[in-house]
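Asks: Chain A is already provided as a structure; the job is to place chain B on it using the hints.
So you can see what is in the structure, the chains are spelled out below.
There are 2 protein chains.
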Amino acid sequence: MFSCEVLRIGHRPERDKRVTTHVALTARAFGARRIYISNPDSRVIKSIEDVIDKFGGDFEIFPTTNPKEIVNKSDSKVIHLTMYGLPLDDKCEEIKNLSKDILFIVGAEKVPPWVFELADYNISVGNQPHSEIAALAIAMNNLHPTSYNSDFSGRLSVIPSATHRDMRDSSKG
Amino acid sequence: MFSCEVLRIGHRPERDKRVTTHVALTARAFGARRIYISNPDSRVIKSIEDVIDKFGGDFEIFPTTNPKEIVNKSDSKVIHLTMYGLPLDDKCEEIKNLSKDILFIVGAEKVPPWVFELADYNISVGNQPHSEIAALAIAMNNLHPTSYNSDFSGRLSVIPSATHRDMRDSSKG
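From first to last, the protein sequence lines stand for chains A and B. For the first sequence, our numbering assigns the number 3 to the initial residue and increments by one for each residue that follows. For the second sequence, our numbering assigns the number 3 to the initial residue and increments by one for each residue that follows.
Chain A with its partners taken away, still in its complex shape:
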């Protein structure tokens, strides 16, 4: 299975706090091994670390002040998710057939021109404005279907139910 990382750029403290947290948790739940966040709030990192602590896995969070360097130094295929890109469904098989590690870039609002230039692929999930969280989920799922069903062997695990909330806490024996 290919390895996948996510780079979150353009994070604006306060304004994007919860959206960036959702980006990170989606990256983790859908099988990414790491997220880079440009200039994150400490509370964003704390929220994500709390989830890892409770629900397991070895997802990593790397704060960065130089997202361009992350891209330049990466050996992965770089896929920038943008409503302006080429349709995912036209490129999905080509990207799968590369069998390469992937670095997804997701921005908030307008991204700087270098993102379009340095990306190997500028890819859209539809050409309507919606959400980088939805785009990341769909792209990760199309490239690696149902990865969101992975087991994280955490202290807490949900017991799926048709009717109510149920969790197992392994620390309580």
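Errors might be hidden in some of the hints.
[Unchecked claim] From chain A, some residues computed to sit far from chain B (all C-beta separations above 12 Å): (1) ARG35; (2) SER44; (3) ILE72; (4) LEU100.
[Unchecked claim] Heads up, simulated DSS-like pairs for lysine-lysine below, C-alpha to C-alpha not over 30 Å straight-line: (5) A:LYS93 <-> A:LYS112; (6) A:LYS56 <-> A:LYS174; (7) A:LYS112 <-> B:LYS93; (8) B:LYS79 <-> A:LYS174; (9) B:LYS48 <-> B:LYS70; (10) A:LYS56 <-> B:LYS93; (11) B:LYS70 <-> B:LYS98; (12) A:LYS19 <-> B:LYS56; (13) B:LYS56 <-> A:LYS93; (14) B:LYS93 <-> A:LYS93; (15) B:LYS70 <-> B:LYS102; (16) B:LYS112 <-> A:LYS56; (17) A:LYS56 <-> A:LYS19; (18) A:LYS102 <-> A:LYS70; (19) A:LYS98 <-> B:LYS75; (20) B:LYS102 <-> B:LYS79; (21) A:LYS93 <-> B:LYS98; (22) A:LYS19 <-> B:LYS48.
[What the hints assert, rightly or not] Below, a sample of chain B positions facing chain A; criterion: calculated Cβ distance under 8 Å: (23) PRO15; (24) ARG17; (25) ARG20; (26) HIS24; (27) THR28; (28) ILE135; (29) ALA139; (30) ILE140; (31) ASN143; (32) LEU145; (33) TYR150.
Hints in this document: simulated from the structure, not taken from any laboratory. Note that beta-carbon positions come from the ideal geometry of N, C-alpha and C, so glycine has one too.
Replies: Same frame as chain A, now just chain B:
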């Protein structure tokens, strides 16, 4: 094609402003015809209306102070998206075969018990904490694949590109 609506509950002004906006834009882009939002900020509604105005379609926003009544009065199959529910992939075919309209419920943080009780299905997209935006995108896409490629015939439309941002503005001839 079945019709789809979304009910966003538990919206907390300020804290959820941008996440709720993303929920609504995802609902629109993936083919829902309407969103109900409990106690929305006026700025959330304004952001969504701006997108509809520019990018087209007849997506509707209904503010509500009584989300339970929306559910009680609905003739649709009610699908509550929750990390505690049964796996989407186990129920997807059954739900498709109903050929019924769907009302998705997505909450912020903890939802009240009536949501689990009144829902026809409590469905999870994986059992890890991630994002109601990601869950809605995956659920809508699995029930109606690539609906995000719909054309909205708006004033603005993106011209998909491998390399840069490009838009057509039909009002400029």
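Asks: All the hints need checking, so say for each whether the structure fits it.
Replies: To see whether the hints hold, each was checked on the structure:
1. ARG35: At roughly 14 Å from the nearest Cβ of chain B, A:ARG35 sits farther out than 12 Å, so the non-interface label holds.
2. SER44: 17 Å, holds
3. ILE72: 21 Å, holds
4. LEU100: Answer for A:LEU100: holds, closest chain B Cβ roughly 16 Å.
5. A:LYS93 <-> A:LYS112: 23 Å, holds
6. A:LYS56 <-> A:LYS174: With Cα atoms ~13 Å apart, A:LYS56 and A:LYS174 stay inside 30 Å; holds.
7. A:LYS112 <-> B:LYS93: Violated, because 38 Å separates the two Cα atoms, which is more than 30 Å.
8. B:LYS79 <-> A:LYS174: With a Cα-Cα distance of about 38 Å, the restraint between B:LYS79 and A:LYS174 is violated, given a limit of 30 Å.
9. B:LYS48 <-> B:LYS70: Holds - the C-alpha atoms of B:LYS70 and B:LYS48 are around 24 Å apart, at most 30 Å.
10. A:LYS56 <-> B:LYS93: The given pair, whose Cα atoms are some 27 Å apart, holds under the 30 Å limit.
11. B:LYS70 <-> B:LYS98: 25 Å, holds
12. A:LYS19 <-> B:LYS56: 27 Å, holds
13. B:LYS56 <-> A:LYS93: 27 Å, holds
14. B:LYS93 <-> A:LYS93: Given that 30 Å is the threshold and the Cα spacing comes to 29 Å, the pair holds.
15. B:LYS70 <-> B:LYS102: 20 Å, holds
16. B:LYS112 <-> A:LYS56: At roughly 17 Å apart (the allowed maximum being 30 Å), A:LYS56 and B:LYS112 satisfy the hint.
17. A:LYS56 <-> A:LYS19: Since the Cα atoms of A:LYS56 and A:LYS19 sit roughly 20 Å apart, the hinted pair holds (cutoff 30 Å).
18. A:LYS102 <-> A:LYS70: 20 Å, holds
19. A:LYS98 <-> B:LYS75: Given pair A:LYS98, B:LYS75 is violated - Cα atoms ~45 Å apart, limit 30 Å.
20. B:LYS102 <-> B:LYS79: Between B:LYS102 and B:LYS79 the Cα gap is close to 6 Å, so the pair holds against 30 Å.
21. A:LYS93 <-> B:LYS98: 27 Å, holds
22. A:LYS19 <-> B:LYS48: Within the cut-off at roughly 21 Å; holds.
23. PRO15: Given a least distance of 13 Å, the restraint on B:PRO15 is violated.
24. ARG17: Where the cut-off is 8 Å and the nearest Cβ of chain A is about 7 Å from B:ARG17, the hint holds.
25. ARG20: Status holds, d = 5 Å.
26. HIS24: Constraint on B:HIS24 satisfied, holds at 4 Å.
27. THR28: 4 Å, holds
28. ILE135: 4 Å, holds
29. ALA139: 4 Å, holds
30. ILE140: 6 Å, holds
31. ASN143: 6 Å, holds
32. LEU145: Given a least distance of 13 Å, the restraint on B:LEU145 is violated.
33. TYR150: 3 Å, holds
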